[in-house]
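Novice: Sequence:
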Amino acid sequence: MFIKPIGWIYIALGTWRLIKPQGIKRWFGKKINKALRKVFLALTLIVSGIFINASFRIEGIWSKVLLILGILGIVKGLIFLKGKSFEKIMKWWSDRPLWIWRLWAAFAVAFGIMLLNVK
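So the sequence shown is numbered by the numbering used here: it starts at 1 and just counts up by one.
Since the hints were derived computationally from the structure, they do not count as laboratory data.
Cβ coordinates follow ideal geometry from the N, Cα and C atoms, glycine included.
Just so you know, not all the hints are guaranteed correct.
[Claimed, not checked] Computed cross-link-like contacts, PhoX-like style, restricted to lysine-lysine with a CA-CA straight-line distance of at most 20 Å:
| # | residue 1 | residue 2 |
| --- | --- | --- |
| 1 | 4 | 64 |
| 2 | 4 | 38 |
| 3 | 38 | 84 |
| 4 | 64 | 76 |
| 5 | 91 | 76 |
| 6 | 82 | 64 |
[Said to hold, decoys possible] Restraint-style ranges between C-beta atoms, simulated for each label pair:
| # | residue 1 | residue 2 | range |
| --- | --- | --- | --- |
| 7 | 2 | 72 | 29 to 37 Å |
| 8 | 87 | 58 | 15 to 23 Å |
| 9 | 63 | 87 | 31 to 39 Å |
| 10 | 82 | 116 | 16 to 24 Å |
| 11 | 65 | 13 | 15 to 23 Å |
| 12 | 63 | 95 | 34 to 42 Å |
| 13 | 2 | 97 | 17 to 25 Å |
| 14 | 60 | 2 | 15 to 23 Å |
| 15 | 5 | 36 | 32 to 40 Å |
| 16 | 81 | 103 | 33 to 41 Å |
| 17 | 72 | 12 | 31 to 39 Å |
| 18 | 56 | 94 | 34 to 42 Å |
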């Protein structure tokens with residue numbers, strides 16, 4: 001039920017990042033406040049929970065992929081609980097070249113297409 005809209009969101013955001021990677025890179029470079037960190041944490045945990053839930057509803061290799069991504073997302077969310085680690089990760093990402101941002105955008109589009117194919 002929630003998987004297809006999330007797939008479309010991944011495709012839309014990935015396409016936007018492919019077209020304009022500078023905008024998202026600049027946005028990451030700005031100082032991230034505590035409220036936004038909590039939003040990122042909540043969003044990560046919600047999407048990870050949806051992935052884990054979806055992995056139990058489907059069969060095949062995609063169920064394992066979604067389960068692994070869900071578990072990794074929860075671990076990432078727990079790492080983001082500390083403010084210093086979150087700021088270090090955001091700084092590291094803001095220093096990456098644009099081709100890395102485009103590579104991740106292509107991955108997001110492919111992942112969104114995969115989510116649309118989940119039954």
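Novice: Taking the numbered hints from earlier one at a time, note which ones the structure violates and give those numbers from smallest to largest.
Specialist: Numbers 2, 6, 7, 8, 10, 13, 15, 16, 17, in rising order.
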